[in-house]
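Visitor: Residues per chain are reported as follows:
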Amino acid sequence: GAGVSQSPSNKVTEKGKDVELRCDPISGHTALYWYRQSLGQGLEFLIYFQGNSAPDKSGLPSDRFSAERTGGSVSTLTIQRTQQEDSAVYLCASSLADMNTQYFGPGTRLTVL
Amino acid sequence: AQSVTQPDIHITVSEGASLELRCNYSYGATPYLFWYVQSPGQGLQLLLKYFSGDTLVQGIKGFEAEFKRSQSSFNLRKPSVHWSDAAEYFCAVGAKEYGNKLVFGAGTILRVKS
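Top line first, the protein sequences correspond to chains L and E.
Counting in my numbering, the first sequence runs without a single skipped number right up to 128 at its last residue.
Counting in my numbering, the second sequence runs without a single skipped number right up to 1226 at its last residue.
Mixed in with the good hints there might be a few duds.
Each computed SDA-like pair below joins lysine to any residue, with the alpha-carbon atoms no more than 25 Å apart [unchecked claim]: (1) LYS1161(E) x GLN1183(E); (2) LYS1161(E) x PRO76(L); (3) LYS1161(E) x GLY18(L); (4) LYS1173(E) x GLY1140(E); (5) LYS72(L) x PRO1152(E).
Just so you know, these hints were derived from the structure itself, not from any lab.
Nothing here was measured: the structure is a model prediction, and the numbers come from that model.
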């Protein structure tokens, strides 16, 4: 079946602009996760959704970052007023239930000029 | 704090040779353990996982890993490496007590010599 999909695959933006990154989880997966992969910091957890609620937002680096999930499916990660340090690959994962295997999408590479 | 250590940043092995990638963790709860592989420009692909039970787990592509609680380790092994195994490998740890998020090691880049 279809895996986790993310769009766009690449995004280049100017410093100060807002960006939206989209994640389509595997159908039927109730849990959804966002991670960030950067050269300096490795793979870091950002936020976790169970259904449409986010019980763990502890990894969001600043209030410029927000995320939502609608219909228990698609999720959008929004970064406002982007900074150069936001440049990274943003990975989305989904799992069938809590603490189950997480399946990752191909990621969105964000470059902030 | 939870942490995962992959002590080897780079490893080079000859094709056909055996491989062992090390992973140690520090966790305050009973962990769930994973190995993922990432090829350049790709997402993470699950190789294998350990939740409970038999401490030797088999995964895809001929990989296996052994959970050793006394050593807080979950090392990945393969008896004979193929050139297509060249990639970056990540060990990850999670636990329900820490809210389901995965904590990743820094990764080990595997290069295969022909």
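Visitor: Now, for every hint given, state plainly whether the structure supports it.
Guide: Hint-by-hint comparison with the structure:
{"no.": "1", "hint": "LYS1161(E) x GLN1183(E)", "in the structure": "holds (18 Å)"}
{"no.": "2", "hint": "LYS1161(E) x PRO76(L)", "in the structure": "violated (29 Å)"}
{"no.": "3", "hint": "LYS1161(E) x GLY18(L)", "in the structure": "holds (18 Å)"}
{"no.": "4", "hint": "LYS1173(E) x GLY1140(E)", "in the structure": "violated (31 Å)"}
{"no.": "5", "hint": "LYS72(L) x PRO1152(E)", "in the structure": "violated (28 Å)"}
Consistency with the previously given hints fails for numbers 2, 4, 5, ordered from lowest to highest.
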